[in-house]
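Residue-level listing of the chains:
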Amino acid sequence: MDFSAINPAVLLASLMVAATPILLAAIGELVVERAGVLNLGVEGMMITGAVAGFIVASATGSAWLGFIGAAFGGAILALLFGLLTQFFLSNQVATGLGLTLFGLGLSALMGQGYLGVKAPDFASLNVPFLSDIPFLGRVLFQHDAMVYIGLALVAGTYWMLKYSRAGLILRAVGENHEAAHALGYNVVRVRLLAILFGGACAGLGGAYLSLVRVPTYAEGLTAGAGWIALAIVVFASWKPWRLLLGAYLFGGVTVLQLNLQAVGLSIPVEILSMSPYLVTILVLVIMSAGRAPGSLGKSFHASS
Amino acid sequence: MKFTTFLTSTAAALSLGTAAMADDPTTVGFVYVGPVGDGGWTYEHNVGRLAVEEHFGDAVETVFVESVPEGADSVRVMQQMALNGADLIFTTSFGYMDPTIEVASQFPDVKFEHATGYKLADNVSNYSARFYEGRAVQGHIAGSMTESNVVGYIGSFPIPEVIRGINAAYIHAQRVNPDVEFKVVWVYTWFDPAKEAEAANVLIEQGADVILQHTDSTAPQAAAQAAGNVITFGQASDMSEFGPHPRVSSIIDNWSPYYIARTQAVIDGTWESTSTWDGIGAGMVGIGEISDAVPADVKAEAEAMRDALASGEYHAFTGPINKQDGSVWLAEGETADDGTLAGMNFYVEGITGDIPQ
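Respectively, the protein sequence lines represent chains A and B.
Oh and the first sequence: position 262 is 262 in the working numbering, straight run, nothing missing.
Oh and the second sequence: position 204 is 204 in the working numbering, straight run, nothing missing.
Hints were generated in silico from the structure; no laboratory data involved.
It cannot be assumed that every hint is accurate.
As the list claims (entries may be wrong) - Which stretches of chain B does chain A cover? Using the computed rule of at least three CB atoms under 8 Å from a CB of chain A, they are:
| no. | segment |
| --- | --- |
| 1 | 25-39 |
| 2 | 189-200 |
| 3 | 203-217 |
Glycine is no exception: its CB is placed at the ideal position from the N, C-alpha and C atoms.
Put together the whole structure using the sequences plus the hints.
What follows is the structure, given as structure tokens:
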């Protein structure tokens, strides 16, 4: 066994890439849940974003336009969920699960004719000067732009929830929608905006797979990433920085176990394969002290 | 998944119901483990189904249910197909073996064909392809072309089919390049593009300049392309969009001739329970175009091996071959019997690491 074959800088760099799709989807879902809405349709929105982004990118030849298309695709699907749950007061759990099934079917339909097509290039940025720093340069400054956008979204969400007036309103709506309504805030509008944001983020996460990570479209491309994103939101106890940690931990252990296999470590492979799930759950359960937003999953109607 | 299965099987039942009202054509059902758009395993089976439709026209109706879990759900799907008048049912994944036998005993008049299994009954045949022949050709190219002498192999599940492929590739890589080393990574999935991409990247970072895969997506090809100096092979389908480099050749599943022949046998009333295990010679395994990125002499050798395998004058497992522990498996000139190959659970000498048990 030769552990020197594992380069820690490369390992850290690839965990950031491996975690990005989950991170993008999870940060959107975190905002949705902080607004008091439980949308279990993340997987469906991700795969829809993956195919929408791929279609736009291959039509225009621009991965950037693809990402914009993916955000719209995810948001449009989320809007469907928003209309059903906020205006028709449908059950959020059932609607979310339905949204996943619908998204999987819709993406399979939309993706006909795009199988085996390659995505346009989306080059990594080599941040000038910074990427030449030994070790840190390789870890932090040689990624594609979406890795940084994911990080910026986490930071922005943290700031928005903690310091901005909009964040305060969003949290009020999520904690106690009756009280927020009594104070004169439009609960349904706030929640719709949060749902749209969540859909757009999930769409970006899906498109990161189809445009950067894989980069080609195939049915079932997301392979359960949306469910992991959902789990990470809960285990991060609805806090953005813990969510970042959770996603990186999951991505890191996934990449690490593949590295350990390649150097021939004699731990049973089955245990290595389940280790990302185990470690993520363990660490986040140990850390978690938060509680769910008070109105999470409850329907709101001004008359009731 | 159960709910989607319910929906798809209901849809299949409806379409079967309407089909039965027509001029009573022969109905052929297909049970798929993945989506028809996976671009790999199920995609190629569906190509075979479409070939049946094309070949027989209105004389044959086909129905399929995709993404059927390998368990109780598959029993219900098969029963539903049989009840709705299917004459012949192909079940296309190893995990359907016992459900197929079970349902076949309930419907003695319906013919069943199970892919990649080994159990038989009066109305159950099984069939599989000798993909290891294709992997021998890949191994030859891999061993000839590697400069780092490290070949990365993305394994799906540690079952005989996959282990056979690793051994076949290794034996032929090692014969042209005694210094070659295989690094095997198990991903425990047939299809998860993100995980396959990560596995490919890890192998490349650890020095592999050839990636072989027993998983179905093109993510490893994309990873190789990004790395620049790494070659790969198409798996299940041609994946020629990544040619001529990094994809330098491929193994292609070609089920169409078999599906057409078996459907014809049902129509003629000559269908019998058989075991079929065909390779390059019968056309069930195709070797995709060897691209110009392969040196001319290596390409010629690989094509000669392909032709020798097809004609039967060469067997991919021809001794002397020892097992990993050094004990003799095949003596000089001896070839492996199908029973040992079908249940292969050991590495050959020279491969390091253990097979997960």
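Taking 8 Å as the Cβ threshold, is the statement that the segment 203-217 of chain B is covered by chain A upheld or broken by the three-residue rule? holds (count 5)
With a cut-off of 8 Å between beta carbons, are at least three residues of the segment 25-39 of chain B near chain A? holds (count 6)
Within the assertion that chain A covers the segment 189-200 of chain B, do at least three residues meet a Cβ-to-Cβ distance smaller than 8 Å? holds (count 9)
When the structure is compared with the earlier hints, no violation turns up for any of them.
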